[in-house]
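Protein chains in written order, with the numbering used here: chain A, 214 to 458; chain B, 3 to 166.
The hints are simulated quantities; they were obtained by calculation from the structure and are not laboratory data.
Remember, predicted model here, so these are calculated numbers, not experimental data.
C-beta: ideal position from N, C-alpha, C; glycine also.
Certain hints may be false.
[Stated by the list, open to error] Label pairs and their in silico Cβ distance ranges:
#, chain 1, residue 1, chain 2, residue 2, range
1, A, I230, B, I14, 48 to 58 Å
2, A, T285, B, I109, 21 to 31 Å
3, A, I412, B, F92, 35 to 45 Å
4, B, I101, A, V428, 17 to 27 Å
5, B, L106, A, L406, 15 to 25 Å
6, A, V353, B, L21, 21 to 31 Å
7, B, F120, A, V445, 28 to 38 Å
8, A, L444, B, K162, 49 to 59 Å
9, B, F124, A, Q397, 53 to 63 Å
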Amino acid sequence: MLKSNLKTFLLFLIIIIFFILLKNSDLFDIGIIFRGWLIPQKSINTLFNPPDNLTEEYQNLLAENSRLQTLTAENQQLKELLDLKKDKNYTLQVAHILSRDSINNNILIIDVGRNQNIEEGQAVVINNGIIVGKIIDVNVDSAKVRLLTDRLTKLAVRIGDEQNISGLLTGALGLGMDLDYVPQNQDIKENDLVVTADIDVKIPAGLVVGQIEKVEFSEEEVFKKAVVSPLVDYSSLVLVAVITS
Amino acid sequence: MKYLFIILFFLIAIYAFTLLNFYSDHWLYVQPMLIAVLLVYYNISQSWLYYSFASLAGLFVDSLNGIFGLQAIIFVIIIFILRSLQLTLFTSKNILTIILLTILAFIIFWLLLWSTSFIFNFQLYFLTKEIFIMILRGLVVNTFMTIFLHILFFNFWLKKQERH
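Given the sequences, and given the hints that come with them, work out the whole structure.
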C-alpha cells in the first residue's frame, strides 16, 4: 500500500512539474483555462447584493441595478483614464483585477499580459493618474502587480509643492507606505503630496503616490522618515491601467 | 454520485476562494481549497481521485497566485504524507485521528510554503509576527471548518449511502 501511495504521488508530482515546465517554456499555460472562467466582480456582486424574499420582478431589478451600478463606476473610471491618456500622452492598457495572491494580498493578478505589450517594471495606475503598483512578472495573458503597500516595494519619489525633495518609498506591511532617505535639511510636512521621481525609465515622473501622514524627525538620524498614506483604498481596486509607454 | 460531490466541492471552494481573496485581509489565511482537498481525501477511497483533485485544486490556486505550481505541489505532498501516516501510524478512522491529520496538514502547508519561499527567495512572501498570529487564527478556523464539514458529510451523506 505504501509503495502504491508513493507511486501515485510521484506520478502526480511529475504531471504538475510537466505543467510548470510547459508554462515556463511558453508552450501551454493551464492557468489560462482557469482564469478564463473568472468574470471579475460579477459573481461577487451577486452574492453581496442578494435578492431575498421579494417578488421575482423586483429581484431582477435589484440584480440589474447592481450590474448597472458596477458598469457606471467602471465607465467613470474609464472616462478618467481616457482624460489621463489625453493630458499626459501616455499609452495606457486598461486591465481588470482577476485575483489577489492568496497568501500576500498586495500581489494582484491582472488580465493583461505579454500579448498587450506589458513588461516588467511598468507603472500601474488608476483613474486620476494615481500610481498603485508596479508590474513584477508577465505571462502571455496575465501579469502580476506588486502594490506600493507591499513590504518589498521600492520606489523613488519626490515630495512637496516644488517637488525637489527626493526620498525612497517602501511598503509597510500592506497598511501604508514609509518614506525614507529624506535629507535632514529638507522641509517636509504633513499633507505634502508624494509623487514619482524621474529615475525609473518605465515609470513616468509626477504620478501621485499619496500624502504624508506623519513626519518622524530625530537629530541623531542622518535622514528624515515619514509615513505616507495612499489616496485610494487599495483593497477596493477593480479596474487599473498599465502605462505601457 | 461521488463525482457530482467532487465537482460541487470544487465549485464551492472556487467561490469561497475568490470571495476571500477580494474581501478581507484577515480571512486571507483561511484556505478553502485545502479544506476541500482534505474533505475529498477523507471521504473518497480511490487514490487517483483525491490526488487528481489535489493537483487540480492546486493548479487552480496557482493560476491566480504569485508562483505557478507551488500550491499544487504542496497539496500533493500533504496528501502523500497524510496517506502514508494513515497506512502506518494513524490506522484508525476516528474523529481524533481526523483532527490530528487536519492540524498536521495545515502545519505542513505553511511550513512548506515558507520554507520554499525562503529557500528559493521568491520575493513575494515574508513572515512577520502579525502574519504568524493571523496564520494561527486561520489554523483554528481551517481545522474547525474541515472537521465540521467532514462530520456533516459523514453523518448526513455517507451513512445514508451505506444504508442504501
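Taking the numbered hints from earlier one at a time, note which ones the structure violates and give those numbers from smallest to largest.
1, 2, 3, 4, 5 and 9
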